[in-house]
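Using the sequences plus the hints, can you model the full thing?
2 protein chains.
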Amino acid sequence: MSEEPSTKPGSTLGDREREGVIELLGVIAYGAISGFTRLAADSELSKDLGLKTALAGMAVDEFAKHELLVTHIRELGGDPMEAMTPFVPAFDSFHARTAPRGLLEGLVKAYIGDGIANDFFREISAFVDDESRAIIAQAAGDGRRTEVIVDAVRRQIRADRHLAGPLALWGRRLVGEALSQGQLVAGERDALAELILGTSHSRPGAGLEEMGAIMQRLTDAHQQRMARLGLSA
Amino acid sequence: MSEEPSTKPGSTLGDREREGVIELLGVIAYGAISGFTRLAADSELSKDLGLKTALAGMAVDEFAKHELLVTHIRELGGDPMEAMTPFVPAFDSFHARTAPRGLLEGLVKAYIGDGIANDFFREISAFVDDESRAIIAQAAGDGRRTEVIVDAVRRQIRADRHLAGPLALWGRRLVGEALSQGQLVAGERDALAELILGTSHSRPGAGLEEMGAIMQRLTDAHQQRMARLGLSA
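Line order of the protein sequences matches chains A and B. Okay, so the first sequence: first residue is 1 according to full-length UniProt numbering, each after it adds one. Okay, so the second sequence: first residue is 1 according to full-length UniProt numbering, each after it adds one.
Quick caveat, the hints were computed from the structure, so don't treat them as lab data. Each hint should be verified, as a subset may be incorrect.
[Said to hold, decoys possible] So these bits of chain B aren't anywhere near chain A, every CB distance computed over 12 Å:
#1 G57
#2 E67
#3 P80
#4 R158
#5 W170
#6 E177
[As the list claims (entries may be wrong)] Residues from chain B that face chain A, not an exhaustive set, calculated with beta carbons under 8 Å:
#7 S46
#8 G50
#9 L51
#10 K52
#11 V60
#12 F91
#13 S93
#14 L104
#15 F121
#16 G207
#17 Q224
Just so you know, even glycine gets a beta-carbon here, dropped at the ideal spot from N, CA and C.
Structure representation (structure tokens):
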């Protein structure tokens, strides 16, 4: 963890580190637009007006995160569109491979997929400068608004116990796809890969051992989320 | 037009008028959620990251309008879900009958459809109390962010002149469907219909002659929007 005091955004970063941080912010910023789109589509599918507006509100939160990240990319001297573009195929491919067949699968995907993505971004933010870490922590949210989703999913499973098995499979597929796309994303850009895995520079990065510990924490938190939905992980 | 001074929201309204105003706010509030959904879907279809985020931003604006209207419905003592529910079928039917076959049709629909809807709401707001009229004026926006849409449509038509004919037909179909659904909406609830057409009470409403003038103004503004897109109305 870096503890340096600083006066302006990113002033503690070397050029190569700054490049990696901007790439990381680009990933998260495109992920937020992507999350906006998914939640808006879930909102469209909902017949319940209360759930519909709650999901639309969550989509709006994702867009606010996007704007926060885009602003910080500019503060670091980066171009937001350039920073996001390399990661478009990975996200679009993830979403194409995990297109929900209905609202219920969409809700599980929003909760499980966004949950593991936010955890991942928070873990990786340990390796960036203080300001960027604070921005990422804010963008990764605390998931309070997800209560609406958890309630809706649990209610539907209570009403029809046969939903639990297929939804548990769905949750496992989501996390498998998320982890494999996550590896692609991490390896997509050199500076980002160096940021995460560490180089000979002052900022250490994760290293392979720490990477294993991160994966374990991601998996544990995922299992807790599955349990909250009433699904076996 | 009402000129009464007032101390709290809706204090100048009789019970029946208040009912009509809440119904009108319910129409516009559901229209805003509906607009949010459409613009988010257009954002999803856009391959251009700049246009994609601009459309997402416009969707977010629609949600902000929705929240503004819902707050005012509550201030008037209404239940927002109850106020919106009667109008769900008319909006959903309009959108089902005018499902865009691609981004370009979606953009024309957003500009032409939202344009005529906002004009209509502003016209009708002449018959409500001052506070509600101010809220409706704010929610009906001034369309500044639509520049992005106008530019994108014009650019595509310039690149392929053959698009202009089918898009002009599409614009005419949209306005036809919007007007016929608008009549259904206006007639859906008694208090709302009284608000618009006037009763023997102090607040006069439009009357049939004024209604004709309103339709003429809506049509004129529609033709100006078509012209701005480079389409014949």
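Cross-check of the supplied hints:
no.: 1; hint: G57; verdict: violated (7 Å)
no.: 2; hint: E67; verdict: violated (8 Å)
no.: 3; hint: P80; verdict: violated (9 Å)
no.: 4; hint: R158; verdict: holds (23 Å)
no.: 5; hint: W170; verdict: holds (21 Å)
no.: 6; hint: E177; verdict: holds (19 Å)
no.: 7; hint: S46; verdict: violated (10 Å)
no.: 8; hint: G50; verdict: holds (6 Å)
no.: 9; hint: L51; verdict: violated (11 Å)
no.: 10; hint: K52; verdict: holds (7 Å)
no.: 11; hint: V60; verdict: holds (5 Å)
no.: 12; hint: F91; verdict: violated (12 Å)
no.: 13; hint: S93; verdict: violated (14 Å)
no.: 14; hint: L104; verdict: violated (19 Å)
no.: 15; hint: F121; verdict: violated (19 Å)
no.: 16; hint: G207; verdict: violated (34 Å)
no.: 17; hint: Q224; verdict: violated (30 Å)
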